[in-house]
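Colleague: Here are the chains, one letter per residue:
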Amino acid sequence: MKPTISAKERMQIARQVMPEQGAHQRSGNFKEVNLGFSEQLALLEAQRCIQCKDAKCIKGCPVMVNIPRFIKFITEGDLPSAAKSLLGDNALPCISGRVCPQEVQCEGLCIRGVKGQPVAIGYLERFVADWALNCGVAETETPTPSGKKVAVIGAGPAGLTAAGELVKSGHDVTIYEALHKPGGVLVYGIPEFRLPKKIVASEVDRLTKAGVKIECNVVIGRTYTIPELRERFDAIFIANGAGLPVFMNVPGENFKGVYAANEYLTRVNLMEAYDTANATTPVLIGKRVAVVGGGNVAMDAVRTAKRLGAEKAMIVYRRTKEEMPARVEEVHHAEHEGVDFQLLVAPLEVIGDDKRWVTGLKCNRMELGEPDASGRRRPQVIPESEFVLDCDVVVVAIGTKANPLLTATCPDLKLNKWGNIEVDENGMTSIPGVFAGGDIVRGAATVILAMGDGKNSAKAINNYLKTT
Amino acid sequence: MGLALPPLPKSHYRCFAAGVALLVPTHFMHTILAKKQLSPNVTRLDLLAPRIAEIKQPGQFVMVRACEGAERIPLTIADSDPIQGTIALVIQAVGKATRELVALEVCDAIRDVSGPLGHPTELISSGRALCIGGGVGTAVVHPIAKALHARGVHVTSVIGGRSKEWVIFEEELRKCGDVIVCTDDGSYGRKGFVTDAAKDVLEAGGIDIVYVVGPVPMMRACANLTRPFNIHTIVSLNPVMIDGTGMCGGCRVAVGGETKFACVDGPEFDGHKVDFDLLADRLQTYREFEQRANACADGKCNIRR
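Residue numbers (the numbering used here), protein chains in the order written: chain A, 1 to 468; chain B, 1 to 305.
Be aware that one or more of the hints could be misleading.
No farther apart than 25 Å at their CA atoms in a straight line, the calculated lysine-lysine pairs in the DSS-like style are these [stated by the list, open to error]:
1. B/K260 to A/K362
2. A/K8 to A/K53
3. A/K59 to A/K72
4. A/K355 to B/K260
5. B/K164 to B/K199
6. B/K260 to A/K401
7. B/K260 to A/K417
8. A/K209 to A/K198
9. B/K36 to B/K164
10. B/K273 to A/K256
11. A/K466 to A/K148
12. B/K260 to A/K256
13. A/K401 to A/K168
14. B/K273 to A/K355
15. A/K84 to A/K8
16. A/K459 to A/K168
17. B/K273 to B/K260
18. A/K213 to A/K197
19. A/K149 to A/K209
20. A/K168 to A/K84
21. A/K459 to A/K149
Beyond 10 Å from chain B on every Cβ pair, some chain A residues (computed) [to be verified]:
22. F30
23. G113
24. D130
25. I351
26. T359
27. S385
A partial selection of chain A residues facing chain B, derived with a Cβ cut-off under 8 Å [said to hold, decoys possible]:
28. M18
29. E20
30. A178
31. T223
32. N262
33. T281
34. P282
35. L405
Derived by calculation from the structure, the hints in this document are not laboratory data.
Predicted, not measured: the structure shown is a model, and the values here were computed from it.
Ideal placement from N, C-alpha and C gives every residue a C-beta, glycine not left out.
One chain only, chain A, in its complex shape (with noise of 0.2 Å):
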């Protein structure tokens, strides 16, 4: 099928809209909020694309897709090679298309953006990959193996990109995880509402189909070491996450109700609590729930809490929307749910009952100052304004900080003063063939970011292996 359509008319389709589930029937279940494109919503969108020679999308995008390929593929209804070119750039495209900040990567650079909206390359590449999915499409050829081992730490979104890249180029490859289940935070930490389990499971059986090997319930630290490892493997893979929750440091925090959103998240998502009616693993079901901070785990978490059942689900962040880290779309969808926002406010202290339950949160009003080091205009106190705002659970979403259990037992390791993993331009440590990425090289950043990381590490990892 070739393309009748002349630029004009290209220039004329409006943005297409993602279908989604109503704002008031979904904050009451768990299902997925967007519902993706259909053929016929693809094509258009597909269409509104221009086929730019230098595609300023691709240097926006952290794993370099060829987006304006793929798109053009769409748009001749081959879709079968619109996936085929999707997943040769890109091991995890039902992941990406769905949790991307593309308003920031692809999406910010696209021309169309000029003047007007950007092709919705994020809902195309959703559907493209889901396609695929659905369709069986995979990989069929086989890499001669290289016979060289190659260890990866932790099945997230890093560790599993890594591996899909080096299984590719036939090294026999061994992830480690240490939870019971792979996916890392794409499985304990973003919700179900945002990105079905089973979307994880089948981007997971994809890699193993294709060789990955992957043992959970590893913990490289503890049930074995970097050394040690390192005798088994040519190269080795460090993407072991973030680690650590960061805490407010306020009195009040260890009463019963305060949770670190990745225990509220990990309760929620890897251990199902949010099928109430069958959980094993418990979560207090606030009626007013405060999450303290403006990033995509603090939207993941109060939207968690809105379904949930909570009356009042709140976002407490000491500066405006306009400084939010989290991506657009996920502050409108908490908005459209009526995720109530207290901006401009910070917190002082946990106040709790006589039995040690949190009953409200002490505030400070707070009003935007001078630009500090992040660009980002720093927040400061108005005197006397505190106030109490009433909830029976607070979820702390404000960071992580690098967790020390492998780099505790790897001494030979070079950290920063954060305890993050150092490496070079091409993401190798200070121990040669031992290559780390995602947020224990980064600290706290994007799933996107990660499997960057672990597409370049794995290409790293590919040039030395052929000079060992």
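Given the coordinates of chain A, assemble chain B onto it according to the supplied hints.
Modeller: Relative to chain A, chain B alone:
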């Protein structure tokens, strides 16, 4: 061991049981080889976990999930046999997760076991140690006493239970040194609490270090007992945990005014610095849920079907 192994790296052999080396994927290998009821609600399971058995040290624990859908719970490793490739878990059936575990029989497998986690116990290498165990905590004291004894430390164990049938690990501890048994009702050994017997031992003098594992009130009482003697006292804490690797922060405890994560910073801490009130309080978080689950959860685990 006397086994003739085919020429493959040792790490490939997951199971050395009964002299047969088997290649078993790690996640399906935790078969129960022995099961023994130790007291009315305490059960010992010996299960295959060769790597953990090979490297575990006293004081370390594993995260366990009985079957698909079950809760993840931490259990301290009570004993291990690196030759057989087994570890012993001693389980008090108090909630749904623990009852699911003790419902398993020999030849059943535990779905998930990961570890060994936590810092190993700080052991002295000479002198005299007092090991105090209460209830199921006695099983946790055992590997500590065993390791101390192996180092040539003189060990006195004070262990207790409600009555004779609740006393566990007496025989094993006798192999490590002196044992004083206490029962609340006097049906066996000395009548009274472990603190009474421990006090006599401390007053007799010569104790260099004290290890205490048991219910929170008992650990608190023991820490208060040793404080005036100014003897270093180590307690093993049992807060609620999910991942056991530092990720969730659910197991936070206050030690010397600082928040610590029991899973990565502990689980053993200086008993004189632990905020036991906070620990006891946070352990109450899910009491209502547990009571409800206990009332209706029997037979829900699908592992036997």
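Colleague: Confirm or reject each hint.
Modeller: Do the hints match the structure? See the list:
1. A distance of roughly 24 Å separates the Cα atoms of B/K260 and A/K362; the hinted pair therefore holds under the 25 Å criterion.
2. Taken as a hint, the A/K8 and A/K53 pair is honoured in the structure, with Cα atoms around 18 Å apart against an allowance of 25 Å.
3. Restraint check for A/K59 and A/K72: satisfied, since their Cα atoms lie roughly 18 Å apart, inside the 25 Å limit.
4. Distance check on the hinted pair: A/K355 and B/K260 sit about 22 Å apart at the alpha-carbon level, within 25 Å; holds.
5. At roughly 21 Å between alpha-carbon atoms, B/K164 and B/K199 fall within 25 Å of each other, so this suggested pair holds.
6. Between B/K260 and A/K401 the CA atoms are separated by roughly 14 Å; this keeps the pair inside 25 Å, and the hint holds.
7. A hinted pair counts as satisfied when its Cα atoms are at most 25 Å apart, and B/K260 with A/K417 qualifies at roughly 20 Å.
8. Of the pairs offered as hints, the one joining A/K209 and A/K198 holds, with about 16 Å between alpha carbons and a cut-off of 25 Å not exceeded.
9. Under the criterion of a C-alpha separation no larger than 25 Å, the hint pairing B/K36 with B/K164 is consistent with the structure, at around 17 Å.
10. Taking the CA atoms of B/K273 and A/K256, the gap is about 21 Å. The hint holds against a cut of 25 Å.
11. A hinted pair counts as satisfied when its Cα atoms are at most 25 Å apart, and A/K466 with A/K148 qualifies at roughly 10 Å.
12. Restraint check for B/K260 and A/K256: the C-alpha separation of about 16 Å stays at or below 25 Å, so the hint holds.
13. Of the pairs offered as hints, the one joining A/K401 and A/K168 is violated, with about 33 Å between alpha carbons and a cut-off of 25 Å exceeded.
14. For the hint pairing B/K273 with A/K355, the CA-to-CA distance comes to about 22 Å; that is within 25 Å, so the pair holds.
15. Of the supplied pair hints, the one linking A/K84 and A/K8 is violated, its CA atoms being roughly 30 Å apart against a limit of 25 Å.
16. Taking the CA atoms of A/K459 and A/K168, the gap is about 11 Å. The hint holds against a cut of 25 Å.
17. As the CA atoms of B/K273 and B/K260 are separated by approximately 12 Å, the hinted pair is consistent with the 25 Å bound.
18. For the hint linking A/K213 to A/K197, the alpha-carbon distance of about 20 Å falls within 25 Å, and the restraint holds.
19. Restraint check: the Cα-Cα separation between A/K149 and A/K209 comes to about 17 Å, which is no more than 25 Å; the hinted pair holds.
20. A C-alpha spacing of about 14 Å is found between A/K168 and A/K84, which places the hinted pair at or below 25 Å, so the restraint holds.
21. A hinted pair counts as satisfied when its Cα atoms are at most 25 Å apart, and A/K459 with A/K149 qualifies at roughly 15 Å.
22. Every beta carbon of chain B lies more than 10 Å from that of A/F30, the smallest distance being close to 16 Å; the non-interface claim holds.
23. Even its closest Cβ contact with chain B, about 37 Å, leaves A/G113 beyond 10 Å, as expected for a residue assigned away from the interface.
24. The beta carbon of A/D130 sits about 26 Å from the closest Cβ of chain B, which is more than 10 Å, so the claim that it is off the interface holds.
25. At the 10 Å boundary, the C-beta of A/I351 stays outside the reach of chain B, the nearest C-beta of that chain being 16 Å off.
26. Listed as outside the interface, A/T359 is consistent with that label: its C-beta sits roughly 15 Å from the nearest C-beta of chain B, beyond the 10 Å cut-off.
27. The claim that A/S385 is not at the interface with chain B holds, since no C-beta of that chain comes within 10 Å of its own (minimum 28 Å).
28. Interface restraint check: A/M18 against chain B, minimum CB-CB distance 32 Å, threshold 8 Å, status violated.
29. With 8 Å as the threshold, the beta carbon of A/E20 stays out of range of chain B, its nearest partner Cβ sitting at about 30 Å, so the hint is violated.
30. For A/A178, the interface hint holds, the least distance from its beta-carbon to any beta-carbon of chain B being 5 Å, beneath 8 Å.
31. The restraint placing A/T223 at the interface with chain B holds, with a minimum CB-CB distance near 6 Å, inside the 8 Å limit.
32. For A/N262, the interface hint holds, the least distance from its beta-carbon to any beta-carbon of chain B being 5 Å, beneath 8 Å.
33. Annotation: interface hint on A/T281 holds; nearest CB of chain B at approximately 5 Å, less than 8 Å.
34. With its C-beta approaching chain B no nearer than about 4 Å, A/P282 sits inside the 8 Å limit, and its interface hint holds.
35. Given hint, A/L405 at the interface with chain B, holds; its Cβ is 6 Å from that chain's nearest Cβ, closer than 8 Å.
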